[in-house]
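Top to bottom, those sequences are chains A and B.
Add 518 to the 1-based position in the first sequence for our numbering, that's all there is to it.
Add 2 to the 1-based position in the second sequence for our numbering, that's all there is to it.
Hints listed in this document are in silico derivations from the structure and should not be mistaken for laboratory results.
Hints are supplied without guarantee of correctness; some may be wrong.
Below 30 Å or equal to it, Euclidean Cα-Cα: the simulated BS3-like pairs (lysine-lysine) are [unchecked claim]:
1) A:537 x A:552
2) A:647 x A:532
3) A:537 x A:647
4) B:86 x A:618
5) A:621 x B:86
6) A:552 x A:618
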Amino acid sequence: MANKKLSEHIPDIKAALNKGLAEHLAVTQGKLSKANPVDTGRMASSWFIGKNAPDRSVAAERSGPGPVEVREYSGVIEFDGSWYISNNLPYAERVSFDPKWAKGGAGGSAWFTTITGQMPADLNDRMAKYLPK
Amino acid sequence: MSYTAIRAVFEAALNTAYQGLTTPVPVLFDNVQETQPNGEHVILSIGFPSSTEPLVCSTGETNIEFIRGSIQVSCYVPRGRGMKRLEELAAVALQTLVAIPQQADPNKICPRVGNIEGPTPILSGDEPYGLSVVSAVFTARG
Chain A
519 MANKKLSEHI PDIKAALNKG LAEHLAVTQG KLSKANPVDT GRMASSWFIG KNAPDRSVAA
579 ERSGPGPVEV REYSGVIEFD GSWYISNNLP YAERVSFDPK WAKGGAGGSA WFTTITGQMP
639 ADLNDRMAKY LPK
Chain B
3 MSYTAIRAVF EAALNTAYQG LTTPVPVLFD NVQETQPNGE HVILSIGFPS STEPLVCSTG
63 ETNIEFIRGS IQVSCYVPRG RGMKRLEELA AVALQTLVAI PQQADPNKIC PRVGNIEGPT
123 PILSGDEPYG LSVVSAVFTA RG
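So that you can see chain A by itself, here it is in the shape it has in the complex (with noise of 0.2 Å):
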């Protein structure tokens, strides 16, 4: 390891974030289902991860309550271009930042910001566990 050349550490360190980052994403998309207030779990299923621009689609409408579904990134997560993790329900804002919308949900009264804050401590952490020591 000592003798290795800088350059010969880049595939190590590109892997390591191609990583950290999915698991990043994944746990974060799964956090934000798991958290969100059910009614029917419209909103809890149409979470969804986008590169270079947020999906815009959401889960079909539902006449009664079903279960939470989270769909899986389609691609492959790599540690280039822009990230998102976006929900286009128009009543999605709402629920995520209002208290009084949010009451009796899993993840609490603030259940996005209290994610969304400690996003970046998690990402922090995941980097470390995966970048070459």
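Starting from the structure of chain A, add chain B where the hints point.
Positioned in the frame of chain A, the structure of chain B alone reads:
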């Protein structure tokens, strides 16, 4: 260090700030008031999403712990009356959060407020109120 002691630092400071306004604003705490007022009010939510941080060091009988938390201050005013009052109430939250680390705490809790997000105005939908949200992450040692 207990969650209660950490919570008390933030709740006491913010409640004092809102009660000290020319027109005092009621503050609602987690799991206290069930009925929300119709007029101006503030909802204070505190969470502890990460309680697995290591002890910073051991000092014999007591340990110095490190806990991460988050706080959200939601300011409500009647809808359709402009942004001035919403932004005034949000500014009180910002000023108080910035000042908290400088206050002496009887329980020797040492909070550090990190990145503060907001004020984020939420005016979508047809609720009879406007909302502005200020949120922040913090760490506490004690």
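Hints and how they fare:
no., hint, verdict
1, A:537 x A:552, "holds (22 Å)"
2, A:647 x A:532, "holds (14 Å)"
3, A:537 x A:647, "holds (10 Å)"
4, B:86 x A:618, "holds (22 Å)"
5, A:621 x B:86, "holds (27 Å)"
6, A:552 x A:618, "holds (18 Å)"
Comparing the model with each numbered hint stated earlier shows that all of them hold.
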